Structures are given as C-alpha cells and as structure tokens.
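Chain A is fixed; fit chain B onto it per the hints.
Number of protein chains: 2
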Amino acid sequence: MGKKIATVITDMFEDVEYTSPADAFKEAGHEVVTIEKEKGKEVTGKNKEATVTIDYGIDEVNPSDFDALFIPGGFSPDQLRADDRFVKFTKHFMDEKKPVFAICHGPQLLITAKTLEGRDATGYKSIQVDMEYAGANVADKEVVVCQNQLVTSRQPDDIPAFNRESLNVLA
Amino acid sequence: MGKKIATVITDMFEDVEYTSPADAFKEAGHEVVTIEKEKGKEVTGKNKEATVTIDYGIDEVNPSDFDALFIPGGFSPDQLRADDRFVKFTKHFMDEKKPVFAICHGPQLLITAKTLEGRDATGYKSIQVDMEYAGANVADKEVVVCQNQLVTSRQPDDIPAFNRESLNVLA
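In the order they appear, the protein sequences are chains A and B. Positions 6 to 176 (my numbering) are the ones given, in order, by the first sequence. Positions 6 to 176 (my numbering) are the ones given, in order, by the second sequence.
Keep in mind the hints are simulated off the structure, nothing from the lab. Here the structure is a predicted model, which is why all the values come from computation and not from measurement. One or more of the hints may lead you astray.
You can't tell identical chains apart in this list, so a pair holds if it fits in one copy or across any two.
[Unchecked claim] Straight-line Cα separation of at most 20 Å, DMTMM-like style, residue types lysine to aspartate or glutamate; simulated pairs:
{"#": "1", "residue 1": "Lys42", "residue 2": "Asp20"}
{"#": "2", "residue 1": "Lys51", "residue 2": "Asp70"}
{"#": "3", "residue 1": "Lys51", "residue 2": "Asp20"}
{"#": "4", "residue 1": "Lys31", "residue 2": "Asp72"}
{"#": "5", "residue 1": "Lys46", "residue 2": "Asp88"}
{"#": "6", "residue 1": "Lys8", "residue 2": "Asp28"}
{"#": "7", "residue 1": "Lys146", "residue 2": "Asp89"}
{"#": "8", "residue 1": "Lys130", "residue 2": "Asp88"}
{"#": "9", "residue 1": "Lys146", "residue 2": "Asp88"}
{"#": "10", "residue 1": "Lys53", "residue 2": "Asp16"}
{"#": "11", "residue 1": "Lys130", "residue 2": "Asp89"}
{"#": "12", "residue 1": "Lys51", "residue 2": "Asp16"}
{"#": "13", "residue 1": "Lys93", "residue 2": "Asp20"}
{"#": "14", "residue 1": "Lys31", "residue 2": "Asp64"}
{"#": "15", "residue 1": "Lys31", "residue 2": "Glu122"}
{"#": "16", "residue 1": "Lys96", "residue 2": "Asp64"}
{"#": "17", "residue 1": "Lys119", "residue 2": "Glu137"}
{"#": "18", "residue 1": "Lys96", "residue 2": "Glu137"}
Excised from the complex, chain A in its bound form (with noise of 0.2 Å):
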C-alpha cells in the first residue's frame, strides 16, 4: 500500500536531498506531494539543477490527510520554520508519531516544532549544537532511525542510507 508524503520545501533547498528520496519513494510507490506558501509556484534549489511545481499551499492542507512528512535540506527548512504553519503541520507528524524524514537542515523545522526533546537523531555539522540545545542525542552517523519513526541524515552523501530507512519505516 502506497503512503502519502507530505513534502514541505521552498527555494534554495539543497537540490539532490529533494530529487533522490522523492525518486526512491515514487519508485516504491508511496505518493509525493509538495507543500509551500502557494500553490502552483516553482521553486528552485540551491544549486539550480532542480525545480519542483508546488503541489499545494500551506493553507490548503491538513496534516492529518497524510501518511508521513519528508523535509528536504538546504536553506529550504530555516525559511520555512520562520513561518507558524509549517511549524505547526511538522508538529502533527512528530506529535501522533508519523514517519518524519528530515536531512542536512531538515531538523531545524523539528527543533522550533520543540519535538527533538529525548530523541535521537541527527542532522548537518551547523546545526548538531542547536539540536543538541534542543534535548536531541545527536549521534554523527549517515543515518539515525529513532522508534522506527523518524529518520535523520547529515549531508548528500548519506542519501542512500537515508533512503534505505526511510523506506523501511514506511514498509
């Protein structure tokens, strides 16, 4: 059964940390949606070699219509987190324990949610002190599976581990 995925992102996300699970989830037939302020508007990553059409606006969305939240890196989350809707639809996923998979700054929407508290996790080396602020046992490995719910990567290079558990708490 395939899963819906929320995916909250806007521009200046780091380009492959969107493409690569976005790809691996389609493949396995979960369903990705993109989530930012408007529907319709294209956003473009950091490094300019993708673009993705904004499925929904922020307003337009219940969390609870979806089976998980996947919150690319890049400066794609620190934009977002500066916005109360987007903290507040991250937290429904933290709070009933649906999948997250959140890589490289992705933790920072996790971190003003105030959900990091007691988990384990991690995240790119600029923000491993603001977790760990945040009550997060931050361990510098490519990948951290925490109660088979949330799953937290560093950087591109870790996309295939990310991946790989990603799909398997989604299985």
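Same frame as chain A, now just chain B:
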C-alpha cells in the same frame, strides 16, 4: 580612538546587514576587517547587491588583535559555523567580553560557540527558538544590548537601532 572590528562573512550574507553597519563603523572612525576562509576572495550577498573582498583568511588572524566582532546575517553565519575555526574565533570575543554585534542569523555562531547561556539577546524569527534552547533570554525587539557588550537585532528593518547601539558600545 578607532577600534579594529573583525567581521566574519561569507557568500549569501544579507547584503544591507553588512554594508550599512560597516559604513556606519567606518564613518565613526573604526576599522572593519573582513575574514573568511581565504584572503582576497570575493564574497557576494544573497541579493547580489554587495560584494566584499576578504582582507584575511581565518588562519592568518588572531582574535586577540581585534577589539570587537561583527557578524552580519543571511545564510553566511550558518555556513561559517560548520567550520570550527570560526566558532573558536567567535568564542574568544564572548569569553573576553569584547563587543560583539550580531544581526539576523548572526547569533547562530554564538549558539554553536555555546556563549549565549544567560545572555539577553534577539535574532531573526527563525532562530529565536534555537536561541532560547541555547539559554538566551530572547526578546522580540529591534535591538537588545546585554551588559554593554553584546548587541543583537532581528532583521534589516532594525539596522538603524543596531548601528546606533553598536556605536554606543564602541564609544
């Protein structure tokens, strides 16, 4: 007496958060010295409105040779804090209670240097929860001055207050 102000900066800084304070510091007779990984490199703001030629590479400078530290915002501070040399450089100014001026995302370097515990400060909306977790007393104000040493502001709109209070601390 003019002061020597170390400025840590890299690509995608918030253009006006460098140019306006730097101009104000220079007009008041202070010296602004730009520091990145490599001397002579040109770094460009995220709005492509400003380009800065780097005066010194981080390995060529000793923080003891400077009177104050200036950290412009944008996506520059997050990139710099992924390099331990910039974190250590920043820590010197906080430990020695030398003047530190950080705007927008600038306080991210202060978090990673673990120097915000118990300090009054502000920052860009997206990093305010990070700062609270790091132990700062965060106020949503245009400028916060802590112990006549640490000056922080939130965003470009706050620049007049940021410049005014920074110059007061240097006086």
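Comparing the hints with the structure gives:
1. Within a single copy, Lys42 and Asp20 get their C-alpha atoms as close as 19 Å, which meets the 20 Å cut-off; across copies the closest is 25 Å, which misses it.
2. In this assembly of identical chains, Lys51 and Asp70 lie within 20 Å of each other by CA distance neither inside one copy nor across copies; the values are 29 Å within and 36 Å between.
3. In this assembly of identical chains, the alpha carbons of Lys51 and Asp20 lie at most 20 Å apart whether taken from the same copy (7 Å) or from different copies (18 Å).
4. When the C-alpha separation of Lys31 and Asp72 is checked against a cutoff of 20 Å, the pair qualifies only within one copy, where the shortest distance is 14 Å, while the shortest distance between copies is 55 Å.
5. In this assembly of identical chains, Lys46 and Asp88 lie within 20 Å of each other by CA distance solely inside one copy; the values are 17 Å within and 34 Å between copies.
6. For a Cα distance limit of 20 Å, the shortest separation of Lys8 from Asp28 inside one copy, 14 Å, qualifies, whereas the shortest one across copies, 54 Å, does not.
7. Proximity of Lys146 and Asp89 under a CA criterion of 20 Å is satisfied inter-copy only: 19 Å between copies versus 30 Å inside one chain copy.
8. Taking the closest pair of Cα atoms, Lys130 and Asp88 come within 20 Å of each other only across two copies (9 Å); inside a single copy the shortest separation is 24 Å, beyond that limit.
9. For a Cα distance limit of 20 Å, the shortest separation of Lys146 from Asp88 across copies, 18 Å, qualifies, whereas the shortest one inside one copy, 30 Å, does not.
10. With identical chains, the CA atoms of Lys53 and Asp16 are at most 20 Å apart both within one copy (10 Å) and between copies (16 Å).
11. Within a single copy, Lys130 and Asp89 get their C-alpha atoms only as close as 25 Å, which misses the 20 Å cut-off; across copies the closest is 10 Å, which meets it.
12. Proximity of Lys51 to Asp16 under the C-alpha cut-off of 20 Å is found in both arrangements, the shortest distances being 7 Å within a copy and 13 Å between copies.
13. In this assembly of identical chains, Lys93 and Asp20 lie within 20 Å of each other by CA distance neither inside one copy nor across copies; the values are 25 Å within and 31 Å between.
14. Taking identical chains as interchangeable, the C-alpha atoms of Lys31 and Asp64 are never at most 20 Å apart, the minima being 25 Å within one chain and 46 Å between chains.
15. When the C-alpha separation of Lys31 and Glu122 is checked against a cutoff of 20 Å, the pair qualifies neither within a copy, at 31 Å, nor between copies, at 44 Å.
16. Proximity of Lys96 and Asp64 under a CA criterion of 20 Å is satisfied intra-copy only: 15 Å inside one chain copy versus 42 Å between copies.
17. Taking the closest pair of Cα atoms, Lys119 and Glu137 come within 20 Å of each other both inside a single copy (12 Å) and across two copies (11 Å).
18. For the identical chains of this complex, Lys96 and Glu137 are neighbours both inside a copy (18 Å) and across copies (18 Å), given an alpha-carbon limit of 20 Å.
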